[in-house]
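J.: The lines below spell out each chain.
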Amino acid sequence: MARNTFTTKGITKVYGEGRSAVHALRGVDLDIPEGEIVVLLGPSGSGKSTLLNIIGGLDRATKGDAYFQDRNLSEMTDKQLTRYRRDHVGFVFQFYNLMPSLTARENVELVTEIARDPMEPDEALAMVGLRERVDHFPAQLSGGEQQRVAIARAVAKNPTVLFCDEPTGALDSTTGRAVLNVLKDVNEKLGATVLIVTHAASQAAMADRVIHFADGGIREVVVNHTKLTPEEIDW
Amino acid sequence: MAIGMVIAVGVGMLVMMTGLVTSLNETRAAYYERYRLAEVFAPVTRAPDRMETRLAAIDGVSAVEPRVVGAALIDVADFDLPVQAQAVSLPDFRKPRLNDVFLTDGRMIDSDHTDEILLLEAFAQAHDIRPGDRIDATMNGARRSFQVVGLAQAPEFLYTTAPGELIPDDARFGVIWMSRSALAAAYDMDGAFNEALLSLSRGANEAAVMAAVDRILDPYGGTGAYPLADQASNQLVSEEISGLEAAAVGVPPIFLAVAAFLLYIVINRMVQSEREEIGLMKAFGYTNGEVGAHYFKLVLAIAFGGALAGCLMGIAGGRALIQVYVAYFKFPFLVFQLDPASFVTGVSVSILSASAGGLLVLRSVFALTPAAAMRAPAPADYSRTGAIGHTLNRFLDQPSRMVLRRITRQPARMAGAMIGIACGMALSVSMITIYAGFDRTIDLTFNVIDRSDVTVTFTHARSDATIFNLRRMKGVTFVEPVRHVPAVLRNGLATHRGVVSGLPPDARLSRALDSDLADIPLKNVGIVLSTALATKLSIRPGDTLTVEVREGRQPVLQIPVTAVAESLLGSPSYMDLDTLNRALREPNRVSGAYLSIDEAHATDIYAALQDMPTVAGVSLKSQAEVAFETLMNTGAGAIRYVMGAIAFVITFGIVYNAARIAYAERSRDLASLRVIGFTKGEAAFVLLGELAIVTLVALPIGSVLGYYLSFGIAAGFSSELYQIPAIFDPASYGFAAMVVLGAGVASGWLVKRDIDRADLVSALKTRE
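Listed in order, the protein sequences are those of chains A and B. Residues 74 to 308, numbered by my numbering, are exactly what the first sequence covers, in order. Residues 148 to 915, numbered by my numbering, are exactly what the second sequence covers, in order.
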């Protein structure tokens with residue numbers, strides 16, 4: 074059996090204090106095996122992004138432990154969390170978060186310059202089908218292309234895990250499918266664990282494992298035995 | 148809130164300073180009026196009393212008061228040297244029609260007792276003399292003992308300056324009032340007067356009256372009537388008040404401009420972050436005007452609130468500060484008056500400047516279409532800056548490229564920040580330059596131009612044999628004669644009432660120096676004017692100056708100007724001593740001398756000088772220097788410290804503001820960098836690198852701006868009494884650069900702290 078990329082034990086996240094406190098996560102226990110595509114599904118405010126942020130090293134749990142492989146993220150210092158993000162984690166966001174002042178290639182180089190074992194920037198951009206547009210600035214690229222640059226930037230460091238928060242949220246169906254295909258390629262070719270947060274239920278069909286969130290907790294975990302390709306998904 | 152405070156400080160200063168100036172002017176006017184200060188002063192050698200009626204008959208004269216004045220020396224316990232004083236007569240058995248005194252302690256003199264005197268309060272306090280004390284004074288060569296019966300103030304002696312000196316000093320010049328009959332006896336003025344005071348009726352022609360007075364007094368040795376505006380004390384008070392006025396006009400606009408700029412930035416940020424709301428309101432059918440009005444109201448609220456707070460601060464500050472100035476000017480009472488115009492100006496200027504900032508922003512509100520407003524803005528277009536990347540590719544990592552591209556893509560915005568910081572640098576440079584200028588004035592005046600230890604003034608022009616007597620004194624190492632001649636210098640309409648100094652050709656102790664501090668040879672013919680005087684008379688070397696001598700035969704001379712001399716104190720003019728004496732047809736005369744002495748014999752020398760009947764006054768350079776420093780540090784000159792502090796605060800404010808804006812614009816990029824694994828330091832580099840480059844480029848620009856600003860500020864601080872040069876010294880620039888860099892480092896540190904604390908998750912959620 075594959076080992077787990079992530080294990081969480083009783084993760085709780087509370088925003089605010091006293092009467093105005095909001096419980097975003099209420100004691101979540103979860104295992105995410107290595108090399109899977111996992112979709113986190115649920116309505117807004119169900120806690121899926123909060124969990125992603127905690128295991129991605131962007132935020133800290135109020136209570137509970139989150140393990141990356143065998144290391145406890147809850148016990149890491151800020152420096153160690155930065156190191157963890159730099160060496161192991163790739164992020165893809167709904168609004169791409171590219172540096173507008175850098176070209177596509179330079180946006181990727183931003184990461185490869187500091188990563189431990191990066192791939193060639195052009196190779197990463199080739200993976201996402203942007204070989205021809207490496208010298209374009211974000212303002213010269215469409216939304217889908219910008220998102221693919223963001224993915225190239227995330228995968229160029231050869232990440233252990235790829236976090237995608239609503240990666241297709243701002244894209245049309247054709248572009249969205251292309252982006253999902255890239256994510257699937259990354260999973261297959263690099264063996265990276267891919268976590269996708271979405272509220273588009275149809276995308277669950279391409280996942281190895283679907284985790285349904287509701288009210289700050291996990292409602293159910295479904296393991297897909299037959300996965301669909303992005304082209305086969307209803308959009 | 149911070150912006151409101153900046154507006155408040157600007158408006159507060161405006162209200163306070165104009166209120167202060169108005170109150171001082173009103174108080175001075177009320178004081179002059181209540182104690183009937185004369186409007187025309189007419190000194191004369193000796194005019195018979197019957198001339199009084201002829202003076203009173205002049206058309207436009209409303210009152211005449213003849214009086215006797217004379218030079219005196221007062222012995223005081225705490226000084227080695229007797230102190231110079233002016234003795235002034237008060238009419239027997241009646242109040243003076245003009246130039247009354249304000250009794251602050253004791254009682255008025257009784258004309259039946261010829262030894263009773265009033266003493267100037269400031270002088271008495273400086274020497275701890277009280278009513279009931281006795282003092283010894285020398286008048287007209289005779290030493291007498293007097294009973295001090297009261298202390299008094301008078302509007303004509305707000306500032307007191309010993310004859311032949313420029314710097315007012317309470318301790319070193321006194322005023323004695325005594326009965327007319329007693330003083331006339333002391334100065335051989337029975338049945339005569341040597342100064343006429345005149346007041347004018349409404350609408351009188353001052354110049355015509357003075358000409359008539361001169362005609363009447365001329366046969367009796369009249370040396371020329373002069374108006375109140377030329378009266379020494381009044382002149383100094385006017386200088387001080389106009390110094391404050393200049394500050395009142397100059398400083399507040401700087402604050403208001405900074406406030407308008409800040410307001411523009413903040414509202415602009417706000418509109419950017421609320422573009423969704425703006426789009427929504429527009430989508431609901433609000434017009435541009437309605438949406439704009441919403442933001443405009445905010446601008447107005449800040450401006451109005453700030454202005455209101457400023458008015459209150461100004462009133463409170465003005466009330467506090469006026470007390471200080473009333474004491475400083477020795478006004479016996481206070482007319483506190485606010486200038487209502489300053490409120491109107493303050494409020495309207497702050498609202499106008501804020502609106503100007505606000506309107507620029509509103510343009511961008513109007514430009515937003517509902518649909519565009521509700522979409523996230525497209526990433527900024529950097530495609531035109533790509534070229535830099537190619538050329539520098541090999542040398543720069545990505546973060547450095549981000550810094551460079553941002554600077555080259557938005558040159559206007561960067562130039563704004565750069566100019567802002569450069570202005571801060573310029574302010575700092577010029578203030579430090581001014582500080583150096585004040586030091587330079589003191590140094591040049593007391594160590595370079597005047598190298599004597601002691602200045603001796605004779606009662607009147609004497610034979611130069613007196614100089615030999617001085618040379619023979621034990622401990623006197625060098626004696627240099629001088630002849631000061633009162634004169635009116637005239638070039639066309641420009642006139643100056645002052646003194647022409649005749650110096651020996653090889654002068655060593657008191658010299659005329661050019662701008663390189665080299666001796667100017669005093670040629671046989673010709674006069675050398677100080678720069679301030681040449682400017683005032685708008686005359687250049689080669690031109691001919693009219694010199695109306697006010698002594699002896701009172702000849703009117705036409706003398707060519709041969710050179711312009713560097714002088715930072717007063718407005719001196721120099722001639723060759725022998726040439727001057729020849730022109731006056733009074734050969735071999737001197738009116739004073741500069742002495743170098745051996746400090747070990749100082750006490751003996753002072754004692755010997757005191758016993759010389761021909762000596763009217765002795766002044767020590769060391770005391771004059773202290774008095775000068777005191778003057779520059781307490782009056783209008785003291786404002787330089789306030790302005791310096793303000794300059795540094797503004798500098799820091801601009802730099803910090805530039806850093807904050809850069810951070811606000813880039814917080815999302817910085818968060819993204821942090822997320823993809825950049826450390827706090829690496830992420831901060833992108834921002835602080837930009838700040839560093841902008842600051843470094845701003846330094847030379849600011850230095851150049853500061854160079855020019857220095858001249859303006861130096862001119863503002865210069866007065867008729869002293870000039871402040873703009874001194875350019877690398878240390879000033881170095882120090883100013885340190886101030887700006889210090890502000891940069893502090894701002895960088897403050898912003899870095901915010902970068903470190905930034906919540907990554909929320910930073911990512913906010914769209915541009």
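Simulated from the structure, these hints should not be mistaken for lab results. A few of these clues could be false.
Some chain A residues well away from chain B (every beta-carbon gap over 10 angstroms; in silico) [stated by the list, open to error]:
1. Ala-94
2. Gly-100
3. Pro-106
4. Asn-180
5. Ile-187
6. Ala-273
7. Arg-282
8. Val-296
Pairs of lysine to any residue, SDA-like flavour, derived with a Cα cap of 20 angstroms [to be verified]:
9. Lys-827/B <-> Arg-159/A
10. Lys-300/A <-> Glu-107/A
11. Lys-152/A <-> Asp-901/B
12. Lys-827/B <-> Leu-154/A
13. Lys-82/A <-> Arg-159/A
14. Lys-152/A <-> Gly-645/B
15. Lys-827/B <-> Ile-187/A
16. Lys-262/A <-> Gly-202/A
Everything numeric in this text was worked out from a predicted model, so none of it was measured. The C-beta atom is built at its ideal place from N, Cα and C for all residues, glycine as well.
J.: Looking back at the hints listed earlier, which ones does the structure fail to meet?
T.: The structure breaks hints 4, 5, 13, 14; every other hint is satisfied.
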